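As a plain string of letters, each chain reads:
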Amino acid sequence: MPKIEISRADLASLLGAEVEEGAGSIRKPLLKLKAELESCGGDALKIELKDTNRPDLWCVEGVARGLRAIRTGRMDHLADLPPAGRELVVDESVSGIRPWIAAFAAGGPPLSALAVEALIASQEKLAGSFGRNRKTAAIGFYRLSGLTFPVTYAAVAPTTVFHPLGEERPMSLDEVLERTEVGRRYAPLLDGAAGYPLLKDSAGMVLSFPPVLNAEETGRISEGDSEIFCEVTGTDWHTVQLTAVILACNLEDRGFSIEPVRIIYPGSSPGGEEVCSPVPYADTLTAGFDLISSITGCPADPDAISDALSSMDYTSWLTGPNEVRAVLPPYRHDGMHPVDLVEDIAVARGFDAYPPLMPPDFTVGAPAPEEETSDALRTIMTGLGCEELLLPVLQSRERPGTAPPGAVSIRNPMTAEYSAVRNSLLPGLLGVESASGHSSYPHRLFEVGEVLLDEGGRLLTEIRLACTVFGNEAFFGDAHSILGAICSQRSARLSLRPAEDLRFVPGRCAEIMIEERPCGMIGELAPSLLTAAGIARPGSAFEVELAAFAIR
Amino acid sequence: MQGSELHPLERTLLSFLRDVGEAGESLILERSGLPDEGSYRRASQWLLSRGFARESSRTVESFVELGPLGEEALAAGGMPELLLESAVAAGAVDIAELQADARFDPPRWGSALGALIRAGALRREGSALSTAAPGAGPFRACWETVYEPLRSGSRVPLGSLTEAVRDLVLSRSPRRGRGRAEFVVVEKTSHVLAITPEGLEALDASDGEAAGAVTPAMLADGSWRKARFRRYDLDMPPSKIHCGRLHPYRSFLDAVRRKFVAMGFKEMRGSLAETEFWNNDSLFMPQFHPARDIHDVYFLDTDSRAGLPDQSTLDRVASTHEDGWETGSRGWEYRFDRAQAARAILRSQGTVLSARTLASGPAVPGKYFAIARCFRYDQVDATHLPDFFQIEGIVLGESINLRHLLGLLELFAVRIAGATEYEFCPAYFPFTEPSVELVVKHPDLGWMELGGAGLFRPEVTLPLGVEVPVIAWGLGLDRMAMLAMGLGDIRDLMTSDLSRLRRTTVLPDRILAEGR
Numbered sequence: 001m002p003k004i005e006i007s008r009a010d011l012a013s014l015l016g017a018e019v020e021e022g023a024g025s026i027r028k029p030l031l032k033l034k035a036e037l038e039s040c041g042g043d044a045l046k047i048e049l050k051d052t053n054r055p056d057l058w059c060v061e062g063v064a065r066g067l068r069a070i071r072t073g074r075m076d077h078l079a080d081l082p083p084a085g086r087e088l089v090v091d092e093s094v095s096g097i098r099p100w101i102a103a104f105a106a107g108g109p110p111l112s113a114l115a116v117e118a119l120i121a122s123q124e125k126l127a128g129s130f131g132r133n134r135k136t137a138a139i140g141f142y143r144l145s146g147l148t149f150p151v152t153y154a155a156v157a158p159t160t161v162f163h164p165l166g167e168e169r170p171m172s173l174d175e176v177l178e179r180t181e182v183g184r185r186y187a188p189l190l191d192g193a194a195g196y197p198l199l200k201d202s203a204g205m206v207l208s209f210p211p212v213l214n215a216e217e218t219g220r221i222s223e224g225d226s227e228i229f230c231e232v233t234g235t236d237w238h239t240v241q242l243t244a245v246i247l248a249c250n251l252e253d254r255g256f257s258i259e260p261v262r263i264i265y266p267g268s269s270p271g272g273e274e275v276c277s278p279v280p281y282a283d284t285l286t287a288g289f290d291l292i293s294s295i296t297g298c299p300a301d302p303d304a305i306s307d308a309l310s311s312m313d314y315t316s317w318l319t320g321p322n323e324v325r326a327v328l329p330p331y332r333h334d335g336m337h338p339v340d341l342v343e344d345i346a347v348a349r350g351f352d353a354y355p356p357l358m359p360p361d362f363t364v365g366a367p368a369p370e371e372e373t374s375d376a377l378r379t380i381m382t383g384l385g386c387e388e389l390l391l392p393v394l395q396s397r398e399r400p401g402t403a404p405p406g407a408v409s410i411r412n413p414m415t416a417e418y419s420a421v422r423n424s425l426l427p428g429l430l431g432v433e434s435a436s437g438h439s440s441y442p443h444r445l446f447e448v449g450e451v452l453l454d455e456g457g458r459l460l461t462e463i464r465l466a467c468t469v470f471g472n473e474a475f476f477g478d479a480h481s482i483l484g485a486i487c488s489q490r491s492a493r494l495s496l497r498p499a500e501d502l503r504f505v506p507g508r509c510a511e512i513m514i515e516e517r518p519c520g521m522i523g524e525l526a527p528s529l530l531t532a533a534g535i536a537r538p539g540s541a542f543e544v545e546l547a548a549f550a551i552r
Numbered sequence: 001m002q003g004s005e006l007h008p009l010e011r012t013l014l015s016f017l018r019d020v021g022e023a024g025e026s027l028i029l030e031r032s033g034l035p036d037e038g039s040y041r042r043a044s045q046w047l048l049s050r051g052f053a054r055e056s057s058r059t060v061e062s063f064v065e066l067g068p069l070g071e072e073a074l075a076a077g078g079m080p081e082l083l084l085e086s087a088v089a090a091g092a093v094d095i096a097e098l099q100a101d102a103r104f105d106p107p108r109w110g111s112a113l114g115a116l117i118r119a120g121a122l123r124r125e126g127s128a129l130s131t132a133a134p135g136a137g138p139f140r141a142c143w144e145t146v147y148e149p150l151r152s153g154s155r156v157p158l159g160s161l162t163e164a165v166r167d168l169v170l171s172r173s174p175r176r177g178r179g180r181a182e183f184v185v186v187e188k189t190s191h192v193l194a195i196t197p198e199g200l201e202a203l204d205a206s207d208g209e210a211a212g213a214v215t216p217a218m219l220a221d222g223s224w225r226k227a228r229f230r231r232y233d234l235d236m237p238p239s240k241i242h243c244g245r246l247h248p249y250r251s252f253l254d255a256v257r258r259k260f261v262a263m264g265f266k267e268m269r270g271s272l273a274e275t276e277f278w279n280n281d282s283l284f285m286p287q288f289h290p291a292r293d294i295h296d297v298y299f300l301d302t303d304s305r306a307g308l309p310d311q312s313t314l315d316r317v318a319s320t321h322e323d324g325w326e327t328g329s330r331g332w333e334y335r336f337d338r339a340q341a342a343r344a345i346l347r348s349q350g351t352v353l354s355a356r357t358l359a360s361g362p363a364v365p366g367k368y369f370a371i372a373r374c375f376r377y378d379q380v381d382a383t384h385l386p387d388f389f390q391i392e393g394i395v396l397g398e399s400i401n402l403r404h405l406l407g408l409l410e411l412f413a414v415r416i417a418g419a420t421e422y423e424f425c426p427a428y429f430p431f432t433e434p435s436v437e438l439v440v441k442h443p444d445l446g447w448m449e450l451g452g453a454g455l456f457r458p459e460v461t462l463p464l465g466v467e468v469p470v471i472a473w474g475l476g477l478d479r480m481a482m483l484a485m486g487l488g489d490i491r492d493l494m495t496s497d498l499s500r501l502r503r504t505t506v507l508p509d510r511i512l513a514e515g516r
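Same order as they appear, the protein sequences are chains B and X.
Going by my numbering, the first sequence opens with residue 1, and the numbers climb by one from there.
Going by my numbering, the second sequence opens with residue 1, and the numbers climb by one from there.
Next comes chain B alone, as it looks inside the complex:
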């Protein structure tokens, strides 16, 4: 969920209307954009955006567009673009590395400080959150006046030298990746590449080293600039195109005219061999009135629908008495199915337009059968004076009490403490005993919970009941009596079969057999285990499958 911080003054100027201190008046309209105003202190508005498919909203210009449409209806964006006056040539060499690029030029009024701040913020947000940390899309802004077209985009030798932005001297591309902070951060994106991408103009001046950083001479825009060149490179076609469109709309909203650039590919691309960039989207969705009313639960009202769609910046018209077709604004590419259109209609109208109804059907409720059994056993255990525990499923790999042959490991644990999934409830109960030596005795503890087993090539989840009894004197008989009481109350025939398990004292350990089926272990806990677990009193324990007590 991206969070952005924008200037209230900047928002007001883009909106063409005042935004008061505290910004209370935009709280409700922001909800329609699935945005939440988190705080408003002075000029800084902090907003959380919840729709991960609406990168156009992750900047002040996008929020302003959304609010403007809600107030005054749809507007044109990137309409009547002039023909492309400049060219950018893509070389074959980038095809396997970072194939796609979009670019355009823009001329307009001198950029204010707030505008530059906003452009840089949206560059970071889009490349970071939408462009998956610059992988699928990275952005560069340049001062247009210094550039000679056509610009080429090619992969060059890592030894190629240029003067990186902010560095004191020229460096080779390799050096940039090794020596600069930003180089080290993005080096993984170029792992294994034969050459590194470079943007250069026809006078030989380097624009930038995508996706890493710009060149010193060309790659900076500042307050007062009025002619800008923008490019977006990346590994995903739609991410690149949409990012470029969003940036173009942002500049257009600030009074800039967008001048497309012709991108010439070595072969074909999803947009053809030559693409005039930016390519505004014009996705279309069609929804029948029956679909709209079946989803919303209210009859479809053509006027209300038309107004609603306009307030979401759609262009829409009726294609028949009972069908509406809508074109999404150019900066959106998230309409996948007509239900998306229906949601936008409902959100725009506001949920107050849909009076709640109780779900109409009668259904019979029931707990899961395992829960019934579990509840029955938990009741018996509390009746036997045992205290219930609820403990984490994750544990360290070698936690004392883990059943042989070992717990299933996590490949990407965050800490060693939670690096495996328990295969027995005993480690957790031993952990409680170890932490509770000062609590009054006796300790008769139990847990009913799930464990994960890795058997025969399959991962199985099993529900178990485990019980530990600790005290100054704690014998096998203590655990055995509890088990016996449970079996007697559940009418389950209990017998024990002597067994060996390193967790228990040899000769005082057995497999629990219920109706002749092995389903658990019982024994006096081995001193070696108690010592490893940091426990200073003797104890006995049992662990048994819950399923053994299920009603057949």
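Keep in mind the hints are simulated off the structure, nothing from the lab.
Model, not experiment: these values are computed from the prediction.
Keep in mind that the hints are not guaranteed to be accurate.
[Stated by the list, open to error] Mimicking DSS-like on lysine-lysine, the simulated pairs with C-alpha atoms at most 27 angstroms apart in a straight line are:
#, chain 1, residue 1, chain 2, residue 2
1, X, LYS441, B, LYS32
2, B, LYS50, X, LYS441
3, X, LYS441, B, LYS28
[Claimed, not checked] From the derived model, a few chain X residues whose C-beta atoms are all more than 10 angstroms from chain B:
#, residue
4, ALA102
5, ARG225
6, PHE336
Even glycine gets a Cβ: it sits at the ideal position worked out from N, Cα and C.
Position chain X relative to chain B; hints supplied.
Chain X in isolation, oriented as in the chain B frame:
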């Protein structure tokens, strides 16, 4: 103690008073049979407060105690007068010789000599001394009746001394607390207690043993008829006993389960380990979605399988991701990786159970719920656990729509949170469209996010074989549970500290209030 029951110490003192009429403290301590001064104080206070004894008078008694010089004489084994006398009797007659004796304290032996001569015990001729009348003077008597009793710990009332010794003591006690004296006369107020008529009555009534326990023997032989049972002090809190109990958080979840069953929901259960297919792919989350990488989900280090669907379901879902299949959707337009779909992970959301239920021929109409343990890659701190519970489910019906979704959320707001006010906000989930978030005003907890719901996208339901609309909903109750249990740190929900757990109580019926 209530009524006329007497404590054994009370009875001892009261009997003594009945026998002697009245007595002062020292007499009581000497003769009553009470074990020590502490017992006397307790017994006398109780009897006085209950009106069984009264103070008939107060006397001030004087007692003799040793001053610093007296302590020295005690340590030396005798008063200087006695030492001098015995030295002379033993044959030392020269004054200079005596002066040289280390035992004699120079400032004192001069006055001791004078005292002995005045008393007529010694005679002095020039520098020679001789015994005149052995044992004359009050010194021996003083040693025997003052020093020795004091040494053995007894008290020495001034009034118990002979006149001669008394005069000696008085002359050697500081009058105004100045100087180092041999004796100190101390005045102590002594209460004289007497028994009252009520005390006499109580004593009569309590004659005869009061029994403690009812025993099987006395029931058997009928001797209970003659026994009286001592009354108990019932003012005390009960002794603590050890008890078995359910875990408070589980009790809370049990109460939540009952509420859902009462609303007609059937419970779903599943496994801890899932495939990416069920956890994400079946819910139309694209494989490149940011919430699916190693910084969000736990991957299991095993080649063992966690459960893929049958081939045709897998094919349909794969197609839907790639180009929408027959759902009417554009799809995500990328290449679906079946190997990734088969990867085993720890389930990260409860919605996986809903997906499995959709795929296994659910009832229509149908309402399902689950309280599922889920796992997310998160730093463990006061508000995050790697292992947490999600409560969620689905509602299926031929004509289910957005209005029923809002109605369901309204039902939850009232039935689960006892909310008096609530609000619906547009929300976003990758697997539902439209989606709605529910914010409620809980009577005790104020405004809080309770959960959300949406209508499953056709890209989710159709490939899994469901053709009716389905509401998917989820509630976050951890905050309510923590507040219900008075916890500030979410880690306490699964504490290993038995003492802390024993102190935690929860009243689920108070927090999960039904529309008050």
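Within 27 angstroms, alpha carbon to alpha carbon, are LYS441 of chain X and LYS32 of chain B?
Roughly 21 angstroms separates the two Cα atoms, so the pair holds.
Starting from LYS50 of chain B, check that the Cα of LYS441 of chain X is at most 27 angstroms away, please.
Within the cut-off at roughly 22 angstroms; holds.
Quick check for students: does the CB of ARG225 of chain X sit more than 10 angstroms from each CB in chain B?
38 angstroms, holds
Beyond 10 angstroms from every Cβ of chain B: is that where the Cβ of PHE336 of chain X lies?
15 angstroms, holds
Pair hint outcome, LYS441 of chain X versus LYS28 of chain B [Cα-Cα no greater than 27 angstroms]:
Roughly 18 angstroms separates the two Cα atoms, so the pair holds.
Any Cβ of chain B at or closer than 10 angstroms to ALA102 of chain X, or is the non-interface label fine?
About 62 angstroms separates ALA102 of chain X from the closest Cβ of chain B, which puts it past 10 angstroms; holds.
The structure fails none of the hints (numbered hints given earlier).
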